[in-house]
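Chains as they are written, first to last, in our numbering: chain A, 1 to 267; chain B, 268 to 582.
Please note: incorrect hints may appear among the correct ones.
What the hints assert, rightly or not - Computed cross-link-like contacts, DSBU-like style, restricted to lysine-lysine with a CA-CA straight-line distance of at most 30 Å:
(1) A:K91 - A:K215
(2) B:K578 - A:K163
(3) B:K474 - A:K163
(4) A:K163 - B:K567
(5) A:K91 - A:K163
(6) A:K97 - A:K138
(7) A:K159 - B:K567
(8) A:K214 - A:K159
(9) B:K567 - B:K578
(10) B:K567 - A:K138
(11) B:K474 - A:K128
(12) A:K25 - A:K234
(13) A:K91 - B:K474
(14) B:K578 - A:K159
(15) B:K578 - A:K138
(16) A:K138 - B:K474
(17) A:K214 - A:K234
(18) A:K128 - A:K214
(19) B:K474 - A:K97
(20) A:K215 - A:K159
Claimed, not checked - Some residues of chain A that are not near chain B, with every Cβ distance over 10 Å (derived):
(21) L36
(22) N47
(23) T63
(24) Q105
(25) E158
(26) D161
(27) G196
(28) L197
(29) S198
(30) D211
Calculated directly from the structure, the hints in this document are not laboratory data.
All figures in this text were calculated on a predicted structure; none of them were measured in a lab.
The C-beta atom is built at its ideal place from N, Cα and C for all residues, glycine as well.
What follows is each chain in one-letter form.
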Amino acid sequence: MGADAERQELVQVAPKRKIKMILLKTQNISKYFGALLAVDNVSFQVNSGNIHSIIGPNGAGKTTLFDILSGHLSPSSGEVFFQNRNITHYKPHQISKINIGRSFQITNIFYELSAFENVRIAAQSRTKCNFSFYMQVKNLLSPQEKAKQILIDLDLWEKRDQKASELSHGYQRSLELGIALATEPILLLLDEPTSGLSPEETLDMIQLIQDIGKKITILLVEHNMNLVMSISDKITVLSQGKLIAEGSAETIQRDPDVQRVYLGGAC
Amino acid sequence: MGLNLFPELKSPILIVLITGLLFPWIVPFRSLGVEILIFALAAVSCNILLGYTGLLSLGQAALFAVGAYATGLISIHLNLSPLLSLLCGAIAGALIAFVIGIFSIQRLGIYFIMLTLAFNQLVFFIAYEWVGLTGGDNGLLDIPRPPLFFGQGIHIDSVISFYYFVLLVFMVCFFVIQRIINSPFGQVLQAVRENEDRAWTVGFSIKRYKLTAFIISGFFTGIAGGLYALFLQLVPINAVELMTSAEILIMTLVGGTGSLYGPLIGSAVVKIFSEILSTLWSRWLLLLGIIYIIFIMFMKGGIWGLMQSVKNWSK
Numbered sequence: 001m002g003a004d005a006e007r008q009e010l011v012q013v014a015p016k017r018k019i020k021m022i023l024l025k026t027q028n029i030s031k032y033f034g035a036l037l038a039v040d041n042v043s044f045q046v047n048s049g050n051i052h053s054i055i056g057p058n059g060a061g062k063t064t065l066f067d068i069l070s071g072h073l074s075p076s077s078g079e080v081f082f083q084n085r086n087i088t089h090y091k092p093h094q095i096s097k098i099n100i101g102r103s104f105q106i107t108n109i110f111y112e113l114s115a116f117e118n119v120r121i122a123a124q125s126r127t128k129c130n131f132s133f134y135m136q137v138k139n140l141l142s143p144q145e146k147a148k149q150i151l152i153d154l155d156l157w158e159k160r161d162q163k164a165s166e167l168s169h170g171y172q173r174s175l176e177l178g179i180a181l182a183t184e185p186i187l188l189l190l191d192e193p194t195s196g197l198s199p200e201e202t203l204d205m206i207q208l209i210q211d212i213g214k215k216i217t218i219l220l221v222e223h224n225m226n227l228v229m230s231i232s233d234k235i236t237v238l239s240q241g242k243l244i245a246e247g248s249a250e251t252i253q254r255d256p257d258v259q260r261v262y263l264g265g266a267c
Numbered sequence: 268m269g270l271n272l273f274p275e276l277k278s279p280i281l282i283v284l285i286t287g288l289l290f291p292w293i294v295p296f297r298s299l300g301v302e303i304l305i306f307a308l309a310a311v312s313c314n315i316l317l318g319y320t321g322l323l324s325l326g327q328a329a330l331f332a333v334g335a336y337a338t339g340l341i342s343i344h345l346n347l348s349p350l351l352s353l354l355c356g357a358i359a360g361a362l363i364a365f366v367i368g369i370f371s372i373q374r375l376g377i378y379f380i381m382l383t384l385a386f387n388q389l390v391f392f393i394a395y396e397w398v399g400l401t402g403g404d405n406g407l408l409d410i411p412r413p414p415l416f417f418g419q420g421i422h423i424d425s426v427i428s429f430y431y432f433v434l435l436v437f438m439v440c441f442f443v444i445q446r447i448i449n450s451p452f453g454q455v456l457q458a459v460r461e462n463e464d465r466a467w468t469v470g471f472s473i474k475r476y477k478l479t480a481f482i483i484s485g486f487f488t489g490i491a492g493g494l495y496a497l498f499l500q501l502v503p504i505n506a507v508e509l510m511t512s513a514e515i516l517i518m519t520l521v522g523g524t525g526s527l528y529g530p531l532i533g534s535a536v537v538k539i540f541s542e543i544l545s546t547l548w549s550r551w552l553l554l555l556g557i558i559y560i561i562f563i564m565f566m567k568g569g570i571w572g573l574m575q576s577v578k579n580w581s582k
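Based on the sequences and whatever the hints tell you, model everything.
The following block contains the structure:
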């Protein structure tokens, strides 16, 4: 059933890729922490079907921007639109309900639950049975099937009964992604999915993100330049909270401002 | 645990039932069995919050006592069947849990705990001052124990018949709580316990789940309180004291928060130890205190956790 659904999704999403409609748009987003301006008047848009990356030196405001998009923070000013809906002050569960999924830079999983349950509970959030008290969870099949499919895709099926806390870091990073995927995102926000991974694991993760990117629009925050340059359709560069450049990988590499920020010691 | 003793019995709930049925014929103190079951229900309800949702509530005595007062008052003034007065106690417990919960869940961690403590004290002082309703310091006295089903049919005024009535109510509640824990809702509670932020990010409205857990806990704690009122045929003021909250919590912790059976075992152990120690030494509470400290310090999973370790080790 999971595979069928995926195929259907492909059919639905494929035409959108060609039209390149605007999926997510921010308008003049700013965020103050006290007197510190972490995000400074940022406007950008994510087109559906793209793998869109946000890069920038440490402290550029990437994660703050992500927190605003996923509802963990409210912007001090500016607005966020998703599918033409104003979602500026949505809370994380509301953001999730409109199918924006998120993974975290610092692994954020259900540690004492099994790997299977981690993904299953996320899939369950899409059902109408979350407030069913008398139904038994073992009889609620669709999240189980979806979790199985995702775990197989992520190479985690053999680890399904292990506690998440007992998995290696690499598997935990995959699980992190699996939880986000189980919520059936239209837009997936990935916050440094390769953080702490070995070079080999990083290659696997790149492959994985590319595969996912064929079906789901991805907004990616990443430090790993090779990854960003090789898979991104579009790149947005932040520095000290400001958007300083935007465009394809080639444009960004040639941009003098970006070169100054990365090579000129601004970090 | 008993799985090794009775390999043909797959479900521990049957062991609980059989132990419950035989208990009055093995142990000479029949009212001890009643107390164990009543506090086991309160501790199991407490564990819905503590073990499954990750919420440490010091307000359980308020839920317990409000259930007891409601059941007692209904019995005194309307003389309804105990089944109906217990239902009223349950609803009263759920309502007070709603009130305490909706304010307390706005805060996290230590602030949440302090809010539940403050509400418990608030309910205590209301009960203490409102003598006309609750009897204040003297307690609510002269609660009748009418027969089941409107004045005729089954009488539950002897200790043994009341014991079996309590056992029946307990088993039904335990079964329902177990279903709730194994329901999709119960799984969300456990996700909230494990990682609130992540549960929020995958689309669960944390506060709604916490509040619902509180209301469910209040409902069943209210039944436990109602049974207590019918058992003693009075509601003493110390039912609403903070000590009762602490006792319920200790039973839950000693038994183990990892399962619904833990608090049941905890209630039995605490009540039986109290009974034995109190006949040995007048300062028995001191010994009980030391036992608690040993349990909390060295057996994080409680007795249930210990049983699981032994079971895994013997495999």
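The hints, checked one at a time:
1. For the suggested pair K91 of chain A and K215 of chain A, the alpha carbons sit about 26 Å apart, so the restraint of at most 30 Å is met.
2. Taking the CA atoms of K578 of chain B and K163 of chain A, the gap is near 19 Å; set against the 30 Å cutoff, the hint holds.
3. This hinted pair checks out: K474 of chain B and K163 of chain A have alpha carbons roughly 26 Å apart, not beyond 30 Å.
4. A C-alpha spacing of about 18 Å is found between K163 of chain A and K567 of chain B, which places the hinted pair at or below 30 Å, so the restraint holds.
5. Pair hint K91 of chain A plus K163 of chain A holds up; C-alpha atoms about 29 Å apart against a cutoff of 30 Å.
6. A hinted pair counts as satisfied when its Cα atoms are at most 30 Å apart, and K97 of chain A with K138 of chain A qualifies at roughly 24 Å.
7. Straight-line distance between C-alpha atoms of K159 of chain A and K567 of chain B comes to about 26 Å, which keeps the hinted pair within the 30 Å bound.
8. The suggested pairing of K214 of chain A with K159 of chain A holds, with an alpha-carbon distance near 26 Å, which does not exceed 30 Å.
9. For the hint pairing K567 of chain B with K578 of chain B, the CA-to-CA distance comes to about 17 Å; that is within 30 Å, so the pair holds.
10. Distance restraint check for K567 of chain B and K138 of chain A: the Cα-Cα separation of roughly 29 Å lies within the 30 Å cut-off, and the hinted pair is therefore satisfied.
11. The hinted pair formed by K474 of chain B and K128 of chain A meets the criterion: a straight-line CA distance of about 18 Å does not exceed 30 Å.
12. This hinted pair checks out: K25 of chain A and K234 of chain A have alpha carbons roughly 14 Å apart, not beyond 30 Å.
13. About 12 Å separates the Cα atoms of K91 of chain A and K474 of chain B, which keeps this hinted pair within 30 Å; it holds.
14. Between the alpha carbons of K578 of chain B and K159 of chain A the distance comes to roughly 23 Å, so the proposed pair stays at or under 30 Å and holds.
15. This hinted pair checks out: K578 of chain B and K138 of chain A have alpha carbons roughly 25 Å apart, not beyond 30 Å.
16. Using a Cα cut-off of 30 Å, the hinted pair K138 of chain A and K474 of chain B holds, with the two alpha carbons roughly 25 Å apart.
17. Between K214 of chain A and K234 of chain A, the direct Cα distance comes to roughly 15 Å. Compliance with the 30 Å bound is thereby established for this hinted pair.
18. Straight-line distance between C-alpha atoms of K128 of chain A and K214 of chain A comes to about 28 Å, which keeps the hinted pair within the 30 Å bound.
19. Proposed proximity of K474 of chain B and K97 of chain A is supported: the alpha carbons are some 16 Å apart, at most 30 Å.
20. Restraint check: the Cα-Cα separation between K215 of chain A and K159 of chain A comes to about 25 Å, which is no more than 30 Å; the hinted pair holds.
21. Against chain B, the non-interface label of L36 of chain A holds: every CB pair exceeds 10 Å, the least being about 23 Å.
22. No Cβ of chain B comes within 10 Å of the Cβ of N47 of chain A; the nearest lies about 24 Å off, and the non-interface call holds.
23. Non-interface status of T63 of chain A relative to chain B is upheld: no Cβ of that chain comes within 10 Å, the nearest being about 14 Å off.
24. Look at Q105 of chain A: its CB is around 13 Å from the nearest CB on chain B, clear of 10 Å, so calling it non-interface holds up.
25. No beta-carbon of chain B comes within 10 Å of the beta-carbon of E158 of chain A; the shortest separation is about 21 Å.
26. Residue placement check: D161 of chain A keeps its beta carbon more than 10 Å from all beta carbons of chain B (closest about 14 Å).
27. The Cβ of G196 of chain A sits about 18 Å from the closest Cβ of chain B, beyond the 10 Å cut-off, so the non-interface label holds.
28. For L197 of chain A, the non-interface assignment is confirmed: its Cβ lies about 20 Å from the closest Cβ of chain B, beyond the 10 Å cut-off.
29. Every CB of chain B lies more than 10 Å from the CB of S198 of chain A, the least distance being 24 Å, so the non-interface label holds.
30. With a least beta-carbon separation of about 21 Å from chain B, D211 of chain A lies farther than 10 Å from that chain, consistent with its non-interface assignment.
Going through the hint list in order, the structure satisfies each hint without exception.
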